[in-house]
Every structure is written in structure tokens, then in C-alpha cells.
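K.L.:
For chain R, the structure is supplied; the task is to place chain C on it using the hints.
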Amino acid sequence: MQTQISVKTAVVAVVIALAFFISLEIYLRKAGGFVGYDDGPELWAHSRDMVYEPSDKTVVFTGSSRIKYDLDIPTWEKLTGTHAVQLAMVASSPRLFLTDLANDPKFKGKLIVDVTEVLFFSHRGTTYPEQFVSYYHKRTPAQKASFVLDKPLEAHLVFLNEGHYAINALLGRLHVQDRPGVYPFLDFPSGFDRTVYNRQCIMTPEFVADTNQHNQVKAIWGLLKGDPTPPMSGKDLDSTMLSVKNDVNKIRARGGEVIFVRTPSTGFFWGAEQHLFPRKLYWDRLLAETGCKGIFFTDYPDMAKLDCPELSHLSQASAVIYTTTLVNVLEKEKGWSFNQPAKTVYNLTNKNLSRHGF
Amino acid sequence: MVFNSYTFIAFFAIMLLLHNLPISWKAKKINLLIASYIFYAAWNPPFILLLWLSTVVDFFVGRALYTQPNIHKRRLLLVISLIGNLGMLCFFKYGGFILENFVHLTNLLGIDYHPAKPSIILPAGISFYTFTTLCYTIDMYRKESKPVKSLLDFSLFVTFFPHLVAGPIVRPPQLVPQFETPRKVSRQQLLDGLMLLTLGLFMKVVCADTLLSATADTVYGAGIPMGPLDAWAGVLAFSGQIFFDFAGYSTSAIGVALCLGFILPQNFLCPYGAVGFSDFWRRWHITLSSWLRDYLYIPLGGNRKGKFRTYINLMITMLIGGLWHGANWTFVAWGGLHGVYLWIEKAIRDSRSKISNAPSEEVPKPVIVTASFGPPLIGKKSATFVYALLTFLLICITWVFFRSTTFSGAGLLLASMSGRLAPVGPPLLATVDIIKVFVVIGLMLIVHWSMRNTTFLKTMGKMPWWAVSVVWAGMIVLIVLSQGTSKAFIYFQF
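For the protein sequence lines, the chains are R and C, in the order given.
Its first residue numbered 540, the first sequence is counted upward by one per residue in the numbering used here.
Its first residue numbered 11, the second sequence is counted upward by one per residue in the numbering used here.
Bound-form chain R, shown alone (with noise of 0.2 Å):
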């Protein structure tokens, strides 16, 4: 086989592709960019893996992207002494993360589900829990590894952060012009959506401080306007609670625990929700229905007052409050108990990043 190949051009073309990558990871560091951890399937596995640790060192939370963000973790586990295992994924309804729980009988935990109406009750966001439930029950030996592998990488690497810096992303921001009608790429700043190891996500200060960015994530709220489908209701609303009703009493009939709550939103995002989802129709008779007990932001002033500055997910100033009621609530009035006794809202400044790895 005769060809040029030689030693000189395999070793040049590694000295362009680490050059380039240098340059590219010291051009997007002084660029404002961050390391951050894609919140695939992998991910997820790994936090699915630790449900199974005793109820009395794990709480399970699951949901749509509101608990990933408003439920601040190192808080959680400094007040608890608890684990705090986050299954929630954005854009998706947690129902099928619950009905998995459910089915599994080594499952026996205590589990918080973010109730997101607009996902909750529909038949939307079913793509990522349906891909990442299947992920993880067909996982393979070499998936495992090959996470052990990735992690270190992406800890370190700001343009492995696939959300912002992989092809596909790069290529959608170039916001070439669509036909009318089709769904648009959704163009997060980068700072909104950063997800550490723990599957928390968190803005960044820049972000919080940057009304020009809220305004551009309020936009892509914006298009759910547009969504001609109505709010589930009739036989379909009857057929969801009694679903959500076994999956609860599956659990419960194990020894386990699950407690619903609705997480803060604001302005249009919160008025909406109001009109679509009355909570006498929805919330109440959730609860009513599954005999759970439930924490609704708007019962307790501490988190009725946080502001989320894109209409509906809390900074991770205000995640700290939230959580530190969340705890409060949990113990002295809905009966649970946790290693260390809830304590006084923690001070909290940007510097508690470092607590997530960073």
C-alpha cells in the first residue's frame, strides 16, 4: 500500500489539533466561558444509581428544571445530612421518572417531586425521561467506564461544555433565518444553564446581574404562548392522577415517602400558569387524590418572596432561601426528620461555588 503517510504528518497533524485546542480553551476561558457537565443520559444514570442508598442518608428529588435549579444541594446537605440524589431533567415531565421509581422494587426511598404544571399535566416532555429511563436500564459496562473516563475531562475542559461549544450549538447560533412556523433553536446564554457534577444547575453571577440575558431567556419562555395545546383535562386529567396515584401508592406500600412541591415562578410565567392550571383543579386534588402531602410556594412568605429574574427559575442566591425553607417546612410541619436539625439560613455568596467542584 503506497501511500505518503508518514511519521512527520501523523505528529504535525497532532500539533495542529492540540494547538488549536489550546487556543480555542484559553480563547473561551478569558471569553467569560466555564466548565460544565452535559446533562445527558450518563449523568443522569449515575445519579439514578444512588436511589437505592438508605432512606435515612438519601432524599430522591425529581421534576422538570425548576427543582435543578431552585433546590440548592450543598444547602440541602449541610442543614440535612442527607444526600440529596437530583433525577429532575429539563424540559420534561417527571411522571415517567416517578412510574420508573415505582416499578423498582429495591426502590424505597423518600422522593420529592417538583409538580411544573404545564409539564406535569401534559403529554409533553416525555422524550428525555423515555431515553434516559431506557439508558439506564440497558446501560453497559463499557457506558460505565466511558463515564468514569469523560468526568475528569469535562471537569477541566470549558469547550467540552456540549451545550454551548459543540458543533450543533455553535451552528444553531448562527440564527439563520427559518420558514415561518418552524420551532426555533433556543438560544440559552451560556451563563443561565451551567450544570455541575451534582445535576444542579446554576446561574452565574453574570448572568444574575445581566437583564439583557433574563430578557432573552423571558423570549424563549415567550413561545410557549404560542402553544396552541390546551391544559390536559376530562377523562385524560382522570387517567394522569390515577397513574401518578398507583406509582405513589407502589412506593408508599414499600416503606417509602413522597412529598410533591410547587417551586416558585414569576410575572407572566407564574400569571399564566394561574390561568391554565388553576390550582383547586390541579394542585389540590393532586394532592387529594395521592394523599400526599405538598409544599406550595406561595403558603410559605420565605419563598413566596423570591424573585426568579427569567420568570421561572430561582439564582442560586434565592436557591439557598428556598432550600433552607424547604427543610424548615419539611421538618416542623410536614413530620420529617434528617441526622442534624434544620438550621438558620446560611450566608451565601458567589464564592459558594467552589462548594460544587468549581
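You may find that some hints are simply not true.
[Said to hold, decoys possible] Taking lysine-lysine and the DSS-like style, the derived pairs with C-alpha atoms no more than 30 Å apart in a straight line are: (1) Lys683(R) x Lys39(C); (2) Lys774(R) x Lys832(R); (3) Lys472(C) x Lys547(R).
[Unchecked claim] To give a feel for the contact side, a few chain R residues facing chain C, derived at Cβ under 7 Å: (4) Ala552; (5) Ala556; (6) Gln670; (7) Pro680; (8) Asp717.
[Claimed, not checked] Chain C stretches covered by chain R per the calculated footprint, using a threshold of three residues with CB under 8 Å from any CB of chain R: (9) 49 to 55; (10) 197 to 203; (11) 251 to 257; (12) 310 to 323.
Note that these hints are calculated values from the structure, not bench results.
We put the beta carbon where it would ideally sit given N, CA and C, even for glycine.
P.N.:
Showing chain C alone in chain R's frame:
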């Protein structure tokens, strides 16, 4: 494990190290065999037992087939081997399909029969290693080659990790002699192998998974009438995805084997540069089409039993080839459509040869030839290019059946492609996705056409060394920037 994963990079680095240690050839082969079992067990460890069973049974049956003088006993041994191999394949791959069709049939006959749905996990690569072991026993029965002397060499032939789960489908004479004598990988082989591995990963990770798969998934998963632009973009995207995915695996496999000093057969030769369908099958999944030719088409009689039987044999081969790809009638339809294309092409070729042999000069030959395939074209080269393009477009139609899970889904997409259906909703695809598809498919067709008579390595060999470095670096950069989940190769499910 898949080639496009961190696990494989670590595994392969260890393998390269072990294979170049100053140890005996036998020890190196044992290393390779253990590594191959680890490679396979990394998916689903229990299925390694099936692989062992298949290997051991076929090794001893193959030897007995060769040495047994009694023809009846030899036939019996062949039947045992066929039942063992095909039975395993039928159970794991076609068990559910057979039961489903049986239930349909009984229901049609008015019998109310509704058994529980079987839950059978398909072992990775079962179709590939079954064909690999089958060709050995058939060769032994025909005495076309000598039996493999050692179980170690035979096990390695069946299990050698680069080809184990998705081919190329190797024949004993292609690989066993390479295990029998000590080999040392040359520096050139190592460099060529690394280049091919990079190319294969580029095809899979960048072209198939990053640039095309989402568009194909969106269109094939829509299940609603859509505009012709969206429909064609989706169909073209899948045509590219299936090529880049499978050829990417084969190229990686050949590269990995070459890095270890072993040569695997070519599996793809720029198939979308094919002019006609028989040319396509000489370029697409070459090791499967040659397997089907040698172990199915020719034993059926090939073209030796008259024109009618030739057509029938051709169709049977293509239908079974379709079924080999998956347990669904849509795969059979895919094979059947290719069979029809080959029939038409053969009829045209026969009519052309008749004309060329005809003593009469009254009918101008070129008119008939072109009229039978398309409008008269100016210039031979441009005509050939148009034929190649037409071949590609007709092959895209066949992929609709291959990718769709139901005939109604395929029909809906074909009707959407024709523009006869009014879309029920807004357009599906973002402009950037459509641009990606047309740019990637356009470049792919240009590359296939311009490289249809050469290979990638030969093309690289003609370029200045620095340009090869830039191309190589470019591929590495794009692979890393693609990121994403290590998606399994489509052909693993076959």
C-alpha cells in the same frame, strides 16, 4: 463497546501496548482473544456464552465435515451446523417476528390466539458472527479450504474484536492464515490504521451522528404529511447517515485491525458513486453481498439455470438479504425493491446486449439504450454522472422502507416526497438543518463520484504531506467538537 467511546480509546491503547510486547506469537494471540471477549462482554456479559457455543460447535463440526468420508454423515453434520447457527439467529432475532406473524395468521383464520409478547434481547452482532461461522462450515462441507488446525486460531477468527459485531464479514482464508504465522505490524500499517480509524470516527461521529441523525429522526418520526422539502431533506439525511454510520464502522474496524498488523477486507467503495444497482452492490456492504452471492445466489443456481430462474434467484437473494437486516416486513420490502431494480437493470442490459449482437443495423443502438433508461444525453461522462445520480435517488427511495417501521409510515413519507400531500402543520426543519443535509450530501456525492475508482489511502498518498496533516487534524478537531453521547452504530442491531 463502541469505537466512538472513551472506553475503547483506553482499551485500544492497552491492546497496542500488549500486542507490541516482546512475547511469543501464541501469547499475543491469547491476548487478542481475551481482549475480544472483553470487548464483546462490555455490552452484555452473558451473551459471551452464545459466542463460545457457536465457536466450539462450528470448530469441531467443521473439522468433522472435512474429514468425514460418508456423504450422508457429512450432510447430517451440515444440517446440524445450519440448524445450530440459523436456529440461534432465528430465536434471538426473528423469534418475536415469527410469533407476531403466526398470531396474525391464526387471527385471520378466526382463531383467537393472543400469546404473551416475548421479551428477547438481541445479542450484539449475532447476524455477523453467525454468517462468519456459517461460511466456515459450508466451506468445510464443500472442501473449499482446509480446516483450521487450532481452536485458538478459529476462536480468534470468529471473535477478533474489530470485525466481531458489525463486520466486515470475513472468510476463513482471509483471516486465519494471518493468525497462523507470526506477524509484526509495520510503522506504515500503524500510521495507515490510525488514519483509517480517524476517518471512520469522523464519518460516524461528525457526519452521521452530529450533522445528519437529528434531521432523519425528526422526519421519520413525524408521522404526519409534510412538505416535499422536509421529506426529501429527511430521506437524504438518512441516506447519508446509514452510509456514514456503517462505512464509518467498517473503516474504523479495518483501521484498528491494521494497527495490530491484520488486514480485513474492504466493505465499502464509494457506493453512492455507483452507476446502476449491480454496481451499487459491488460497492455497498461488499462482504455481505459477496457472502449472499457465494452462499445463497450461486447455490440456488445463480444464472446457470436459464433467464427465468436467474431473475427468481436474484429476487430470493435480495429478499433474504433484506430480512437479514431486520425482523420486519419493511426490510423485506427494501430488499425486494432492490431486487426489482436489479431485474430492470438486467432486462436493460440484456436488451442492450441483444441489440449489440443483432445483425440488423436498422435500429440505431444508442437510441434504444438511452431510451430504456432515460433521455438522450450529450457526452458519455456526463451521461454516466446522470445515471449515477439517478441510481442514488432511486436508492434513497429504498431507504424509506429500510428506516420506516411501518408501511403506512413509508407510504406517508413517499407521498410527502412527491408533493402530493398538503402538510398538516408548519414546516418541520430549521433552515440550518436543511443546509447541513444538502451540504453534507452534496459533498458526499462529489467525493464518491471523484473517488469511485480509488481508495481514501491512495488519494491521501497523492496529496502533499502537509495537506494530509491538515485534513487529519481537521478530522480530529471536528470529532472532539462534535461531543455528545457515544451513539451505537445502526448496524449493531442487525
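K.L.:
Broken hints, numbered, in rising order?
P.N.:
6, 11, 12
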